[in-house]
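Participant: Sequence lines, in order, name chains C and U. For the first sequence, position 390 matches number 389 in numbering that gives the first Met the number 0, and the numbering has no gaps at all. For the second sequence, position 72 matches number 71 in numbering that gives the first Met the number 0, and the numbering has no gaps at all.
These are computed hints drawn from the structure, not numbers from a lab. Please note that a few of the clues may not be correct.
Derived DSBU-like pairs: lysine-lysine, alpha-carbon spacing no greater than 35 Å straight-line [as the list claims (entries may be wrong)]:
#: 1; chain 1: C; residue 1: Lys20; chain 2: U; residue 2: Lys161
#: 2; chain 1: C; residue 1: Lys335; chain 2: C; residue 2: Lys264
#: 3; chain 1: U; residue 1: Lys90; chain 2: C; residue 2: Lys81
#: 4; chain 1: C; residue 1: Lys30; chain 2: U; residue 2: Lys90
#: 5; chain 1: C; residue 1: Lys20; chain 2: C; residue 2: Lys334
#: 6; chain 1: C; residue 1: Lys20; chain 2: U; residue 2: Lys90
#: 7; chain 1: C; residue 1: Lys136; chain 2: C; residue 2: Lys335
#: 8; chain 1: C; residue 1: Lys30; chain 2: U; residue 2: Lys161
#: 9; chain 1: C; residue 1: Lys81; chain 2: U; residue 2: Lys161
#: 10; chain 1: C; residue 1: Lys415; chain 2: C; residue 2: Lys427
#: 11; chain 1: C; residue 1: Lys373; chain 2: C; residue 2: Lys81
#: 12; chain 1: C; residue 1: Lys471; chain 2: C; residue 2: Lys264
#: 13; chain 1: C; residue 1: Lys81; chain 2: C; residue 2: Lys30
#: 14; chain 1: C; residue 1: Lys81; chain 2: C; residue 2: Lys136
#: 15; chain 1: C; residue 1: Lys334; chain 2: C; residue 2: Lys264
#: 16; chain 1: C; residue 1: Lys373; chain 2: C; residue 2: Lys20
#: 17; chain 1: C; residue 1: Lys20; chain 2: C; residue 2: Lys30
#: 18; chain 1: C; residue 1: Lys471; chain 2: C; residue 2: Lys427
The residues making up each chain are set out below.
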Amino acid sequence: MIRFSLLHLREGVNDDMLTEKEIISTVEMLKNEHLDVRTVTLGINLFDCASHDLDRMTDNIYHRITGHASRLVPVCDQIGEKYGIPVVNKRIAVSPIAIVAASLSSSQMTALARTLDSAAGAVGVDFIGGFSALVEKGIARGDRALIEAIPEALSTTERVCASINVASSRAGINMDAILMMGKTIKRAADCTADADGLACAKLVVFSNIPPDVPFMAGAYLGVGEADAVINVGVSGPGVVKKAIDRALSENPDLDLGQLSDLIKKTAYRVTRVGELIGREVAEELDIRFGVVDLSLAPTPNVGDSVGEIFQSLGLFSIGVPGTTAALALLNDAVKKGGAFASTRVGGLSGAFIPVSEDLNISEAARQGHIGLDKLEALTSVCSVGLDMVAIPGATPAETLSAIIADEMAIGVINHKTTAARLIPVPGKAAGDHAYFGGLLGEATIVPVNQGHQPNRFVRRGGWIPAPIHSLKN
Amino acid sequence: MSRVILSVLGQDRPGILAAVSGVLYRKNGNIENVSQTTLQTQFAGIFIASVPETVSLAELTAALEKALGPLGMNVHVDPLDLSAEAVPPVKSEPFVITTKGPDRRGLVAEITAIIARYNVNITNLQAIFKGGENPGDNIMIYEVDIPADTSRQSLHRELRDKAAALALDISIQHRNIFMTLHRI
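Please construct the entire structure, taking both the sequences and the accompanying hints into account.
Facilitator: Structure follows, in structure tokens:
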């Protein structure tokens with residue numbers, strides 16, 4: 000009689016056998032669809048580096064950063080190599096400097112920015128975020144010193160990024176801070192007039208800023224975080240676009256529900272990559288793993304565009320009617336797929352629409368298919384805000400403040416994060432071209448509706464109260 | 000009971016497994032393990048079986064040939080030598096090497112030569128020849144175990160250089176990424 004031991008019968012076959020389809024699709028994503036880990040960001044707590052003595056503080060900070068981050072770049076490269084998936088950027092986010100250095104003066108803050116810059120350079124990262132302040136309920140002395148230092152700090156350093164939170168759903172909108180930021184942005188632009196206002200590309204004004212964004216320029220290590228953390232930003236607009244194109248070539252009649260499902264599944268895969276690589280980097284560095292931020296963040300490379308996704312979905316261009324609905328679909332599907340894929344999703348997680356950093360969006364702006372008004376509408380359904388928007392250099396500070404105020408209102412009322420990264424390009428007007436270089440890309444300057452008119456409304460200042468539905472206790 | 004290893008090769012058709020298991024049943028034997036695969040139209044199967052000591056290798060072989068011959072199958076029988084100590088498993092990491100490019104002589108030979116030189120074992124090999132309209136799309140997938148003490152950088156470099164010389168696109172990735180992406 001034959002005795003088949005059922006357990007042994009399958010011993011020769013590995014239940015975890017990879018299928019040809021799984022292998023090929025993974026390699027395809029990597030080679031042709033720009034699947035990559037967009038950033039591994041090391042968050043470093045600087046609170047205990049504080050000192051009255053500037054030299055001591057900068058020393059503490061320099062050693063803290065170079066100590067913790069010394070192996071960041073090589074470890075990321077090593078693990079990227081292991082999986083054949085490049086970690087494109089390695090970055091650092093520090094505790095909000097306005098709090099760390101609350102006792103410093105403005106010029107001392109600028110010196111500190113230079114320390115951050117050289118520490119970042121020493122460990123080989125391209126951006127260091129955290130030159131930040133949280134002023135949604137009021138501007139403290141350290142906050143003021145930092146904000147006043149921003150134009151010089153950002154124009155005399157390469158790598159430092161600044162973010163200011165001026166509003167929250169709980170606190171309301173600090174219009175005084177917004178007025179200050181309007182002026183600060185103008186000054187920062189003027190300080191870098193020969194680079195089309197480049198300093199403004201490293202400065203973001205937020206409402207409801209998340210404490211763990213790995214992407215620049217909004218990255219900082221939130222109050223409440225521990226000593227160090229690894230956060231990962233994954234991206235893959237090209238992967239999503241190709242997945243949509245492939246599905247539609249097989250079945251051109253897919254409806255929006257089916258496309259949403261497809262995007263969700265693709266987002267799942269992209270996030271899994273980030274989770275895997277992030278955890279291994281964290282383990283190798285012996286630092287806690289924080290979150291995966293799954294954001295479709297484009298770059299000015301061909302095939303790495305969010306704007307193109309709209310065309311794949313069936314719109315003539317980003318900006319035409321239907322864009323807001325499409326973005327709502329995209330953003331939500333990305334969040335759902337990402338949420339399932341990771342133990343901890345955080346940061347912004349959704350779709351970015353940075354005008355200059357996306358070849359397709361930049362071109363759409365040049366052609367006039369999308370302007371400031373539609374961009375603003377889109378920020379109500381996507382994960383960031385008015386990002387890398389180049390506007391006429393002559394735009395007055397109070398108009399800038401008004402644009403920011405609109406963005407903040409959308410965020411505060413809808414309990415979401417919104418932000419503004421506006422670049423008034425000195426000496427240039429609507430229709431002109433601005434060039435920022437590298438990942439920051441280039442853009443056509445978009446007009447601002449009646450932008451030159453005085454704005455008595457914002458000039459009133461004060462504080463727009465938090466919405467009633469924020470009383471959640 | 001003595002253990003044997005049977006290999007069966009030939010054109011795939013119904014009845015092969017029935018023939019093998021039927022012979023073993025009649026000889027009071029037992030199939031302990033089996034692995035079978037089909038490649039295009041050809042069947043290949045390996046069986047580990049145990050038979051009573053009283054059944055000689057020659058007797059078993061004759062019986063199998065009698066049952067499988069009419070089916071057009073070739074069979075080979077060997078004693079399974081368990082006295083040979085299994086090589087203690089070397090600590091290694093599983094990787095997947097994929098090459099894509101035009102088919103040509105030496106493609107597999109040259110890549111596998113490098114792999115062997117680094118003492119890397121190939122645990123699975125798949126060839127996907129799309130050929131036809133797109134000759135550039137021939138894909139070879141080598142699943143390998145790379146010993147932990149191997150210089151991976153050096154191996155990767157040699158493989159990349161060889162791939163470039165053969166006009167191939169090559170990817171070398173740790174297996175985890177495939178499992179992570181496609182399995183929950």
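Participant: With reference to the structure, classify each hint as holding or not holding.
Facilitator: A quick look at each hint next to the structure:
For the hint linking lysine 20/C to lysine 161/U, the alpha-carbon distance of about 25 Å falls within 35 Å, and the restraint holds. For the proposed pair lysine 335/C and lysine 264/C, the alpha carbon gap of about 9 Å is at most 35 Å, so the pair holds. Between lysine 90/U and lysine 81/C the CA atoms are separated by roughly 17 Å; this keeps the pair inside 35 Å, and the hint holds. Between lysine 30/C and lysine 90/U, the direct Cα distance comes to roughly 30 Å. Compliance with the 35 Å bound is thereby established for this hinted pair.
Distance check on the hinted pair: lysine 20/C and lysine 334/C sit about 26 Å apart at the alpha-carbon level, within 35 Å; holds. This hinted pair checks out: lysine 20/C and lysine 90/U have alpha carbons roughly 28 Å apart, not beyond 35 Å. At roughly 32 Å between alpha-carbon atoms, lysine 136/C and lysine 335/C fall within 35 Å of each other, so this suggested pair holds. At most 35 Å may separate the alpha-carbon atoms for a hinted pair to count; lysine 30/C and lysine 161/U meet this at roughly 19 Å.
With a CA separation close to 19 Å, the supplied pair lysine 81/C and lysine 161/U stays within the 35 Å bound. Note on lysine 415/C and lysine 427/C: the hinted pairing holds, with a Cα-Cα distance of about 33 Å set against a maximum of 35 Å. Simply put, lysine 373/C and lysine 81/C have alpha-carbon atoms about 43 Å apart, too far for the 35 Å limit, and the pair is violated. This hinted pair checks out: lysine 471/C and lysine 264/C have alpha carbons roughly 34 Å apart, not beyond 35 Å.
Between lysine 81/C and lysine 30/C the alpha-carbon distance is near 15 Å, which keeps this suggested pair within the 35 Å criterion. Our distance criterion of 35 Å between C-alpha atoms is broken by lysine 81/C and lysine 136/C, whose separation comes to about 47 Å. In summary, the hint linking lysine 334/C to lysine 264/C is supported, as the alpha carbons are separated by about 11 Å, within the 35 Å threshold. A threshold of 35 Å between alpha carbons decides the hint, and for lysine 373/C with lysine 20/C the separation of about 41 Å lies outside it, so the pair is violated.
With a CA separation close to 15 Å, the supplied pair lysine 20/C and lysine 30/C stays within the 35 Å bound. Restraint check for lysine 471/C and lysine 427/C: the C-alpha separation of about 46 Å exceeds 35 Å, so the hint is violated.
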